[in-house]
Structure formats: C-alpha cells, structure tokens
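Undergrad: The primary structure of each chain is shown beneath.
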Amino acid sequence: MGGRGGAARVVRVVVVDDHAMFRAGVRAELSSAASTSSTADIQVDVVAEAADVDEAVAAIAAHHPDVVLLDVHLPGGGGQEVMRRVHAAPTTEEHPRFLALSVSDAAEDVIGTIRGGARGYVTKTITGPELVAAIGRVAEGDAVFSPRLAGFVLDAFAGSIQVAAVDEDLDRLTEREREVMRLIARGYAYKEVAKELFISIKTVETHMSSVLRKLQLSSRHELTRWASDRRLL
Amino acid sequence: MSAYDPPVFRRATRDTTAPVAGGVASGLARHLRLPVLWVRVGFVVAAALGGLGVALYAALWLMMPSDARFVTDAPGLESAIRTGKRPRPTSRLADVGPAIALGALGIGLVFLVEAVLGGGALFWPLLLAVGGVALLWRQADEAQRERWLDTTGRIDPVRAVFGAGTWASYLRVIAGVGLVVAAVTIFALGSGELSLARDVWLATLLGIAGLAVVLGPWVFRLASDLGAERAERIRTQERADVAAHLHDSVLQTLALIQKNADHGPTVARLARAQERELRSWLYAGESADAATLTGALREAAARIEDEHGVIVDLVSVGDTGMAEGLRPLVLAAREAMVNAAKHAGTGRVDVYCEVGASHAELFVRDRGAGFDQAQVPADRLGVRHSIVERMERHGGTAVVRSAPGEGTEVRLSMPLEEE
Chain A
665 MGGRGGAARV VRVVVVDDHA MFRAGVRAEL SSAASTSSTA DIQVDVVAEA
715 ADVDEAVAAI AAHHPDVVLL DVHLPGGGGQ EVMRRVHAAP TTEEHPRFLA
765 LSVSDAAEDV IGTIRGGARG YVTKTITGPE LVAAIGRVAE GDAVFSPRLA
815 GFVLDAFAGS IQVAAVDEDL DRLTEREREV MRLIARGYAY KEVAKELFIS
865 IKTVETHMSS VLRKLQLSSR HELTRWASDR RLL
Chain B
585 MSAYDPPVFR RATRDTTAPV AGGVASGLAR HLRLPVLWVR VGFVVAAALG
635 GLGVALYAAL WLMMPSDARF VTDAPGLESA IRTGKRPRPT SRLADVGPAI
685 ALGALGIGLV FLVEAVLGGG ALFWPLLLAV GGVALLWRQA DEAQRERWLD
735 TTGRIDPVRA VFGAGTWASY LRVIAGVGLV VAAVTIFALG SGELSLARDV
785 WLATLLGIAG LAVVLGPWVF RLASDLGAER AERIRTQERA DVAAHLHDSV
835 LQTLALIQKN ADHGPTVARL ARAQERELRS WLYAGESADA ATLTGALREA
885 AARIEDEHGV IVDLVSVGDT GMAEGLRPLV LAAREAMVNA AKHAGTGRVD
935 VYCEVGASHA ELFVRDRGAG FDQAQVPADR LGVRHSIVER MERHGGTAVV
985 RSAPGEGTEV RLSMPLEEE
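In order, the protein sequences belong to chains A and B. So for the first sequence, my numbering puts the first residue at 665; every next one is plus one. So for the second sequence, my numbering puts the first residue at 585; every next one is plus one.
Don't read these hints as lab results, they were simulated from the structure. Heads up, the beta-carbon is just placed ideally off N, CA and C, and yes, glycines get one too. Just to be clear, a hint being listed does not mean it is correct.
To be verified - Just the calculated beta-carbon pair ranges, DEER-fashion:
#1 B/His969 / A/Thr789: 31 to 37 Å
#2 B/Arg823 / A/Glu839: 28 to 34 Å
#3 B/Gly909 / A/Ala688: 16 to 22 Å
#4 B/Ser833 / A/Glu843: 36 to 42 Å
#5 A/His728 / B/Glu859: 33 to 39 Å
#6 B/Leu862 / A/Ser695: 38 to 44 Å
#7 A/Thr789 / B/Arg823: 23 to 29 Å
#8 A/Ala692 / B/Lys843: 44 to 50 Å
#9 B/Glu859 / A/Ala692: 36 to 42 Å
#10 B/Thr930 / A/Lys859: 16 to 22 Å
#11 A/Met685 / B/Gln836: 44 to 50 Å
#12 B/Ser833 / A/Lys859: 41 to 47 Å
#13 A/Thr789 / B/His615: 56 to 62 Å
#14 B/Glu859 / A/Thr756: 49 to 55 Å
What the hints assert, rightly or not - Derived DSSO-like pairs: lysine-lysine, alpha-carbon spacing no greater than 27 Å straight-line:
#15 B/Lys843 / B/Lys926
#16 A/Lys788 / B/Lys843
#17 A/Lys855 / B/Lys926
#18 A/Lys866 / B/Lys843
#19 A/Lys866 / A/Lys855
#20 A/Lys855 / A/Lys788
Unchecked claim - Over the 10 Å line for every Cβ pair with chain A, so calculated as not near, a few chain B residues:
#21 Met648
#22 Pro649
#23 Ala752
#24 Val784
#25 Leu799
#26 Pro801
#27 Gly811
#28 Leu835
#29 Ile895
#30 Val899
#31 Val901
#32 Gly902
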C-alpha cells in the first residue's frame, strides 16, 4: 500500500454498472476516499460511466481509461462481453485494465470474469479506501485477490497437486503460491503475507500475478468441470 | 379481419367453495345472475313435481365442470394462503348440511321413481343405487378440491379417492359403495334364485373388469401426465413462495431502516442481514443449514453478525458432511468469532475454513486490538476453556496468536473421521 512515489498519481477510471444508484455511490465514495491520507498517492478520476455493454465499449474507446470498474452482470452479455470486445478492437492505445466489482459471489461468475481478463475481483461491500487501493494496484498491473477470490482459486485448483506431469506448469499452483493464496483467504493483507512468509511484498505480488496468469491461461478440464459442478450445486 | 373481438363464452361452473350438495344451484345462479334461493326453490319444486328437479340436478352435476382452479391473486397473498398465513375460504356449511341435502335428494328420488315406474320391483334397488352414486360423486368433488389445494406433488391413489381423509370422506365412500352393492344385490335377489343372483354379480364384475382393461392405460397415462404437470406447478409455487418471502423480508427491513435512519450501526446491520439473505437465494444457493461443515459455519457467522453487529467474512475451500466429531470445531470457531467481534473493535472478522483429505482447518482472524497472551489472567476462561481445551478434548488442536496492536488469529485443526 502507500508510498509508491512522491506526487499523487492520477488514475482515470470508467465505472460500468447497470444500477445508476450504485454508480453514483461509487463516484461519491471514490472522490471522498481519494482525499484521505492513507491513499493520498493515488488520485482517482472517474471520466465516464456506462450502464450496459455497448455504452461501456463506446466509453472505453472514447476515454482510454487506465482502469475499468466492471460489473459482472450487465445487460448485453455481462462484463465478460465488454472485455472480449475491448480486447478484439484494433487500437494503438494500451488496453485498459479491468477490475471486476460485483454483488454476485457465485463462483463461476468470479472465475469466468478472471478468465475473461479481469485483473481482480472485489465485492460491492468493499470500503472506499480499499477500493481506491485496489484500483491503484490494478493500474500498476498487479492482481487484486479478495479473500473470497483466493478461496475460489484454491477450490478450483484443489486436487491438482497429485497431478504428476511436470510440464503442465499452468495446471497447478506451486506450494508457495498455495501458501500465499491461503494467507489471502485467511484475511491477510499483502504486507502481512510478506511478513508471515519472510518474503518481500514484490515477491508476493509476483506470486499473485503468476496465479492470475495460470487462472487465465490454464485449460485444465478440471477447472471447467469444477465450474459446472458449482453451477449444479 | 379482426375488427371485433371474438365473443367470450361464459361457462357455467359448479361452486365448490360453498356447496350444499354439488354446488350446482349456486353455480347456476351465478351463471344466470339470479338469486341462489330462487334456483334452489326451483329445483325443490321441480323435484316435488314428478322428480324432474332431481334428474336435472344430477345431470347438471355430471356436466358442469368444477370451478376449483388455480387461485389467481397477488403473489404475496397467494403465497400467504399456501403457507397458511392467511385464512383460505372455508366451506359455508358443516358436514351436516350436505347430509341433509342428500337426504332431500333421496326423497326426491322416491318421487321420481314412483312417477316413472309407479312403484315395483326396480324401485328399491334403483333408489339405493342412485343414493350411493350421489354419495360417491359428492366425495369425488371433495377429493378433487383437495387435489387442487394439495402441495405434495405426487398423485396418491388413496388421496385421490378419500381426499384429506376425514371421517366424513371415508363414511361417504363406504356408504356410497355399500348402497350400490346393496342395490345390485337386491336387484339380483329380486329375480328369485340365488344362482341367478350369483350370475348377475359375476356379469357385473366382468363388466367392470372389461372396462378397466379398455380404459386402464388411458387413465394411467392421464394420471401420469397430471402428476408431471402438478409437480411443475408445485415447483413454480415453491419458487413464488420463496420470492414472496424474500420480498416481504426486504419490505420489513426497509421499514426498520426508515425507523432507525439516524442510527448508523443498526442500519448497517439490517442491510447486511438482508443482503446475506437475498444473496444466498439469488446466487450461490448457499444453504445455511447445519448439514455440512460450511453450512454450519455460515449459520454461526450469520448469528454473530446479527448479534454483535460485525461483518464476518467467511471463505471456505472444500466441504464435508457435518459429523458429530466436527461439532466441537464449529463451537470453538463460534467462540473465537464472538471474541473477535467483542474485543477486536474493528467490526470485521475473517474466517477461513479448509477441508483437506485428513484435517479440517479453520482460521479466525481479526485486525483489532490484540492482547498479550502472557498477561491474560488464568481465571479468564474464554479462550483457554472454550477454545483450546474444547479442541484438545476432542482430538483437535487450537493455537492462538496475538500481540497488542497486531490483531488476533485463532487457528483450529480437527482430524476428519474416516468414512
């Protein structure tokens, strides 16, 4: 957290959510949270709002934000559709980074959104300062794992430890990554994880990004089956 | 082409909500828009004059469909009726009324038969048979009404005949069948010899068997179709009931929030409890019953959220059935959550549960005040007794890590019993 550089860094954000009341709430919360001391080095600037997939794609093309706060359930195909269309569109600019923000804790939605390209997942009950911190982290290219997401990830990769094939790197978590995930699921913050495991915060972030990459690229059928199993439950 | 609306046919139906005999008179009165008393008097007069009224009544009873259809009301009201929170329309007359009406029907019948046949050999058997059939029809109506109100989904042959199974329904069926059997017997005996009587009985039974063979498959298919349709209807109703319940509880919560609008913590607690309930229904289908370890923990967490006004964030990986051996784990976790809620002062507790191959591990963590374990007096039973000793008594372990200013983490581990 804090102290990444001297001057306040401005992060340009597009808020995508089909509930107008919630968009207004997020906007208010972000502007008030940004002025508090703990997150003074990140200045969040909400440049646009969108209520459905088409509006979101248009707003992203028009404003080139750094971060898109993306609702998982959205008219027009959901948050995943927004990411698919933004990534498919030809552009010279760098693609924005997506942070999924949802009230739905359904595991398949969460994993589906991460696999669709989101760099993190937080629930809508997150506090303002926490949200600003998460936006800052995503803007820097790091991953944001809430305890719940860490739990889902562990669940998804559970049982994969016994897989003997060494070349399937993507299909399992290393012991270290598992430890990091478990601590996150237990409610540890990044720096607490680092302290607990005697590693640097940078190393923790590296592990997180690696888990995120595996989650997005892994084609292991267990992951798909797990998702469909959860749907049945 | 469609310049005018197609004519809407009004159909006469029997009134099943408040029938005297078969609900024919009140149904007809409704259809003809006449006072029901006129129609009843008309039937009685017609019955007295040569028994025509009885024949008419019987024919209409047979032909007119019952009006027992789906209740269409506001969803909340329907659901309240189904779950017994609202009175449902009750029958106007007690069981005595229909009996009197049936008696009157029988007397009408006597007149009818005497008018047609002028008394004689057929009189008594016919009287008995008609009386029996009337009783059976009456019961069929009751059973049909029961079926429409039934919520169990399966078609039970016993219920299909006896309905709710009150003494009146059994009595009606027994008396009805008895009367019909007596009628056939008297008719058979009336022709003189005993052997002839046996032949008549045999012929009757053969006739019934033949009908059963011919109509059986058709009836069976109809019944199974009806069963499938009913199951679908009940699923829809259940869903509607849950939705109604949720909307109702949202209304209650909103009312409470309005009343407590200036008390932040109460509003937050109410909103949190409501959010939990809605979420569990809309999305994960997360059950908070005690059938699994996660379910039991979720239940405990919900209770603590409500009682102490904190947020308990429960994350679980894997799950297992709730065995007796896991109860101490849940109780210890509960105690740890209560401690965190009371003493941490942050309003937030993280709980993580992981069910592995041989152990269930559970972490309860807060970022609150923490405490120095060396300073805790020996007489403070909370942690030591409820958590550590409880776990150790049942073969598990408990480790408490805490330091002032760094929060507290309770780590519990319990071996899983072999299946």
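Undergrad: So does B/Arg823 sit 28 to 34 Å from A/Glu839, Cβ to Cβ?
TA: violated (45 Å)
Undergrad: Non-interface claim for B/Val901: all C-beta distances to chain A beyond 10 Å?
TA: Given a closest Cβ separation of 5 Å, the condition is violated.
Undergrad: Checking the smallest CB distance to chain A, is B/Leu835 really beyond 10 Å?
TA: Its Cβ never comes within 10 Å of chain A, the nearest being 18 Å, so this holds.
Undergrad: Taking 36 to 42 Å as the stated bounds, is the beta-carbon spacing between B/Ser833 and A/Glu843 within them?
TA: Holds: the Cβ-Cβ distance is about 41 Å, inside 36 to 42 Å.
Undergrad: Can you let me know if the beta-carbon spacing of B/Leu862 and A/Ser695 is within 38 to 44 Å?
TA: 28 Å Cβ-Cβ, so the 38 to 44 Å window is violated.
Undergrad: Would the least Cβ to Cβ distance between B/Met648 and chain A come out above 10 Å?
TA: holds (47 Å)
Undergrad: Please verify whether A/Lys855 and B/Lys926 have alpha carbons no more than 27 Å apart.
TA: holds (26 Å)
Undergrad: Test the statement that B/Pro801 is away from the interface with chain A: the closest C-beta pair must be farther apart than 10 Å.
TA: holds (36 Å)
Undergrad: Take a quick look at B/Gly811 and tell me if its Cβ sits farther than 10 Å from every Cβ on chain A, holds or violated.
TA: holds (25 Å)
Undergrad: Verify that the Cβ of B/Val899 lies farther than 10 Å from every Cβ atom of chain A, and report whether the claim holds or is violated.
TA: For B/Val899, whose nearest Cβ neighbour in chain A is about 4 Å away, the distance does not exceed 10 Å, so it is violated.
Undergrad: Go ahead and decide if the range 36 to 42 Å is satisfied by the Cβ distance of B/Glu859 to A/Ala692.
TA: Violated, at about 20 Å.
Undergrad: Could you say whether the range 41 to 47 Å given as a hint is met by the Cβ separation of B/Ser833 and A/Lys859?
TA: Since the Cβ atoms of B/Ser833 and A/Lys859 sit about 43 Å apart, the hinted range of 41 to 47 Å holds.
The structure fails hints 2, 3, 6, 8, 9, 11, 14, 18, 29, 30, 31 and 32 (numbered hints given earlier, in ascending order).
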